[in-house]
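Novice: For the protein sequence lines, the chains are A and B, in the order given.
Count along the first sequence from 1, then add 239; that gives the number in the numbering used here.
Count along the second sequence from 1, then add 471; that gives the number in the numbering used here.
Hints are not guaranteed to be accurate.
Stated by the list, open to error - To list a few chain B residues with every Cβ distance to chain A over 10 Å, as calculated: (1) L547; (2) Q559; (3) L614; (4) F621; (5) R671; (6) L678; (7) D701; (8) V755; (9) N781; (10) T789; (11) D862.
What the hints assert, rightly or not - No farther apart than 25 Å at their CA atoms in a straight line, the calculated lysine to any residue pairs in the SDA-like style are these: (12) B:K579 x B:T609; (13) A:K324 x B:R727; (14) A:K324 x B:N703; (15) A:K378 x A:E355; (16) B:K745 x B:V807; (17) A:K318 x B:M550; (18) A:K324 x B:A688; (19) A:K373 x A:T413; (20) A:K318 x B:E623; (21) A:K324 x B:T553; (22) A:K324 x B:V799; (23) B:K873 x B:S844; (24) A:K275 x A:G484; (25) A:K324 x B:V807; (26) A:K318 x B:T553; (27) A:K405 x A:L358; (28) A:K405 x B:N703; (29) A:K324 x B:F752; (30) B:K615 x B:G635; (31) A:K259 x B:S844; (32) B:K873 x A:L332; (33) A:K259 x B:A811; (34) B:K549 x A:A423; (35) B:K549 x A:A419; (36) B:K873 x A:N389; (37) B:K873 x B:A688.
The hints are simulated quantities; they were obtained by calculation from the structure and are not laboratory data.
No residue lacks a Cβ here, since even glycine has one placed at the ideal position from N, Cα and C.
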Amino acid sequence: MKKTFIALLLLAAGSAFAAKPVTIKGSDTMVIMNAKLAETFMRKNPEAQIQVTGGGSGVGLAALINGTTDIAAASRPIKSTEVDKLKARFATLGVGIAIARDGLAIYLNAANPVQELSLAQLRDIYTGRITNWKDVGGKDAPIILYSRENSSGTYTYFKDNVLMGKDYSPRAQTLQGTAAVVNAVSKDVNGIGYGGSAYAKGVHFAKVRKDDKSAAYVPTLETVRAGQYPISRYLYLYLRAAPNGDAKRFIDWCLSAEGQKVVTDVGYFPVK
Amino acid sequence: MKRVMAILCLGVGLVTLSARAQETPPAPPSTEEPQPQPQQEAEAAQPPAPTLEETASKLDALTEAFTEMHNSVDALSKMRITGYILAQYVNDESSVNALSSAAATRNKDQFSVREARVKFTYQLTPTSRFVLQPEVATSGVSLKDGYVEFTEPWTQWHHTVTAGQFNWPFGFEIAYSSSDRELPERARVTRTLFPSERDRGVQLSGLGFGDRFNYKAALVNGTGTLQTFDFNKRKDFVGRVGGSFGPLDVGVSWYRGAELVSVASNTAGQEFAKQREGIDFQLVTPIRGLGLRGEYIRGKQPPLPNAAANAALAADVTGYYLYAIQNVGTYHQFAVRYDAYDPDSGHDLPHVAANAKVATLGGSYIFHWDENSKIMVAYERLKTRGFADPDDNVFTLRYAYKF
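Please work from the sequences and hints to get the whole structure.
Specialist: Here you go:
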């Protein structure tokens, strides 16, 4: 009986101190990059366990607030309402760490002759004021808008920084994930979409001008770093408090030259 | 012996024949035409390969079905349903074994469903919202929240007009959900001055200066939701302005109104001033996981209906609370609250126990089981000042589930 009790106690203690995986949940834009970072990190640190899932930046931050993930991946800064919830539940302001930069690319079908757009044109296209490609130098055909669901950080970032807070046109079709947007545009000669610059299969990036006087650029390491490409953003990992344990080791590694190389290999841009 | 040998031989012969019969496949029927082989039969059974047009047609049909499904899901996603149930056991020292009506029972030691709510939010566009929150209780269904909202899209302030039944925009604790609260009930000052926490009216709110400043201002009946009608013509004003400065949030609230109360000298009702001023703060301390909250309210409270002549006046009232909440890891929370309410801080009312100041010291432990459920154990010690302190401490064990 005594032995059984001790065995049970040891089992309980063992399970209590067993290595718990670090969970990362959130941005669909970041999910491929995070999975690659986690995979490479775990190969070098076999004792560490990092689990990566998507769902959108809003979903990841909600999970951080209700305590079901250790790290939220977000392609936009945390909102004040989300910070308020963290304050109320955990008495913390949260900690955000930028691990990569992204140039938010404008996807056009490979057969679309339009090569460049200004921010004002993009705003007018996505708010529904411009509805025909001929108004922006293309052929006489309707513009088919592809967008993201509203839990997406990319959706929010684009709305805040390109649409300047205005509402999307009700004609915009919402799709789950950047890959779905790229896929839709690659099959629709009149389509336009937006998303991370790491996704580019079957589409071409429109050059984007800040205004009529400035030059147009596509998102590249140089143009994003130099601040020339006008729609660039940071990609963040958010935690409830300063990281420790495996989470800290993983984030430190992400910010190292080795981690930043993975970021670049995936198609995003390093923060350092 | 010969007979036995003959029977044995016959038996062995029969068994052998039987075994052969099982091993040998049945002979094919004798026909003149050659029979197709099994593989050929399988090939013949397979339908012909679809043409490119047929495949494209099927794909179109699937795409159409998917688009319809997507549209349906998109429409459904505009409706958000949330809710919670608070199931609890309360042990109250003031409980008395006595037979009486359900509404007047003096026994408070019981299992109960403190609140059971489902909230429906429908948002077709970012600028308008419909919110309905009924409460389902054993006594029936009542409306807790029912309002429509319009948010202007033209400025960064996102000024919002709310019309219907909603929380009084005063202080912090009123709008802080029961499903999130760290002690079973709101502080006594909040419960007394803002019963049911809601009123009917119209509200304007906004958030600006980089989300650092927020305001809410409302015109309301002033009767709360416990009364069906507003008996006086005047409407009450209530509002709060708040600021957020990193770890510190502060707010100043103001309420001005009047209440019609039936008194002995005027049974049709006499108007009494109903005023409150408040200040609140919420602080995230440098100590990991420790938060502090506090609120101070003072004002004038109309008398109860048919109050004695010497009590028929708007009395000065004051009250406050202070919370300390310590989080330990993701699952554990400890909270302590001290609150006090003085229904006669101006000493104008008769010196009786009902008008005495009451202070409460409460503590709780909350275990967050998962993202939906938590268990709370709380004990509150009540102290009536200036009079014999009655036995009225309360123990609560609560299981809360929200989705």
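Novice: Take the hints in turn and mark each one as holding or not.
Specialist: Here's how the hints hold up against the structure:
1. Residue placement check: L547 (chain B) keeps its beta carbon more than 10 Å from all beta carbons of chain A (closest about 13 Å).
2. The claim that Q559 (chain B) is not at the interface with chain A holds, since no C-beta of that chain comes within 10 Å of its own (minimum 21 Å).
3. Look at L614 (chain B): its CB is around 25 Å from the nearest CB on chain A, clear of 10 Å, so calling it non-interface holds up.
4. The Cβ of F621 (chain B) sits about 13 Å from the closest Cβ of chain A, beyond the 10 Å cut-off, so the non-interface label holds.
5. Listed as a non-interface residue, R671 (chain B) keeps its Cβ farther than 10 Å from every Cβ of chain A; the least gap is roughly 26 Å.
6. Not every Cβ of chain A is farther than 10 Å from the Cβ of L678 (chain B); the closest lies at roughly 8 Å, contradicting the non-interface assignment.
7. The non-interface label for D701 (chain B) is consistent with chain A: the shortest C-beta to C-beta separation is roughly 32 Å, beyond 10 Å.
8. A Cβ of chain A approaches the Cβ of V755 (chain B) within 10 Å, the least distance being about 5 Å, so the stated non-interface status is violated.
9. Every beta carbon of chain A lies more than 10 Å from that of N781 (chain B), the smallest distance being close to 44 Å; the non-interface claim holds.
10. Every C-beta of chain A lies more than 10 Å from that of T789 (chain B), the closest at about 26 Å, which supports listing it as non-interface.
11. Every Cβ of chain A is farther than 10 Å from the Cβ of D862 (chain B); the closest lies at roughly 34 Å, confirming the non-interface assignment.
12. For the proposed pair K579 (chain B) and T609 (chain B), the alpha carbon gap of about 16 Å is at most 25 Å, so the pair holds.
13. Among the hinted pairs, K324 (chain A) with R727 (chain B) is inconsistent with the structure: their alpha-carbon atoms are about 30 Å apart, more than 25 Å.
14. A C-alpha spacing of about 38 Å is found between K324 (chain A) and N703 (chain B), which places the hinted pair above 25 Å, so the restraint is violated.
15. Proximity of K378 (chain A) to E355 (chain A) is assessed by CA-CA distance (about 14 Å); at most 25 Å being required, the pair is judged to hold.
16. Simply put, K745 (chain B) and V807 (chain B) have alpha-carbon atoms about 31 Å apart, too far for the 25 Å limit, and the pair is violated.
17. Distance hint between K318 (chain A) and M550 (chain B) is fulfilled; the C-alpha atoms sit about 22 Å from each other, no more than 25 Å.
18. A distance of roughly 22 Å separates the Cα atoms of K324 (chain A) and A688 (chain B); the hinted pair therefore holds under the 25 Å criterion.
19. Between K373 (chain A) and T413 (chain A) the alpha-carbon distance is near 24 Å, which keeps this suggested pair within the 25 Å criterion.
20. With a C-alpha separation of about 19 Å, the suggested pair K318 (chain A) and E623 (chain B) falls inside the 25 Å cut-off, and the hint holds.
21. At roughly 16 Å between alpha-carbon atoms, K324 (chain A) and T553 (chain B) fall within 25 Å of each other, so this suggested pair holds.
22. Distance restraint check for K324 (chain A) and V799 (chain B): the Cα-Cα separation of roughly 17 Å lies within the 25 Å cut-off, and the hinted pair is therefore satisfied.
23. Restraint check for K873 (chain B) and S844 (chain B): the C-alpha separation of about 6 Å stays at or below 25 Å, so the hint holds.
24. Distance restraint check for K275 (chain A) and G484 (chain A): the Cα-Cα separation of roughly 20 Å lies within the 25 Å cut-off, and the hinted pair is therefore satisfied.
25. A hinted pair counts as satisfied when its Cα atoms are at most 25 Å apart, and K324 (chain A) with V807 (chain B) qualifies at roughly 20 Å.
26. Using a Cα cut-off of 25 Å, the hinted pair K318 (chain A) and T553 (chain B) holds, with the two alpha carbons roughly 21 Å apart.
27. Between K405 (chain A) and L358 (chain A) the alpha-carbon distance is near 13 Å, which keeps this suggested pair within the 25 Å criterion.
28. A C-alpha spacing of about 43 Å is found between K405 (chain A) and N703 (chain B), which places the hinted pair above 25 Å, so the restraint is violated.
29. Pair hint K324 (chain A) plus F752 (chain B) holds up; C-alpha atoms about 15 Å apart against a cutoff of 25 Å.
30. Simply put, K615 (chain B) and G635 (chain B) have alpha-carbon atoms about 11 Å apart, close enough for the 25 Å limit, and the pair holds.
31. In summary, the hint linking K259 (chain A) to S844 (chain B) is supported, as the alpha carbons are separated by about 21 Å, within the 25 Å threshold.
32. For the hint pairing K873 (chain B) with L332 (chain A), the CA-to-CA distance comes to about 23 Å; that is within 25 Å, so the pair holds.
33. In summary, the hint linking K259 (chain A) to A811 (chain B) is not supported, as the alpha carbons are separated by about 44 Å, beyond the 25 Å threshold.
34. A distance of roughly 23 Å separates the Cα atoms of K549 (chain B) and A423 (chain A); the hinted pair therefore holds under the 25 Å criterion.
35. Note on K549 (chain B) and A419 (chain A): the hinted pairing holds, with a Cα-Cα distance of about 21 Å set against a maximum of 25 Å.
36. With a CA separation close to 23 Å, the supplied pair K873 (chain B) and N389 (chain A) stays within the 25 Å bound.
37. Proposed proximity of K873 (chain B) and A688 (chain B) is contradicted: the alpha carbons are some 29 Å apart, above 25 Å.
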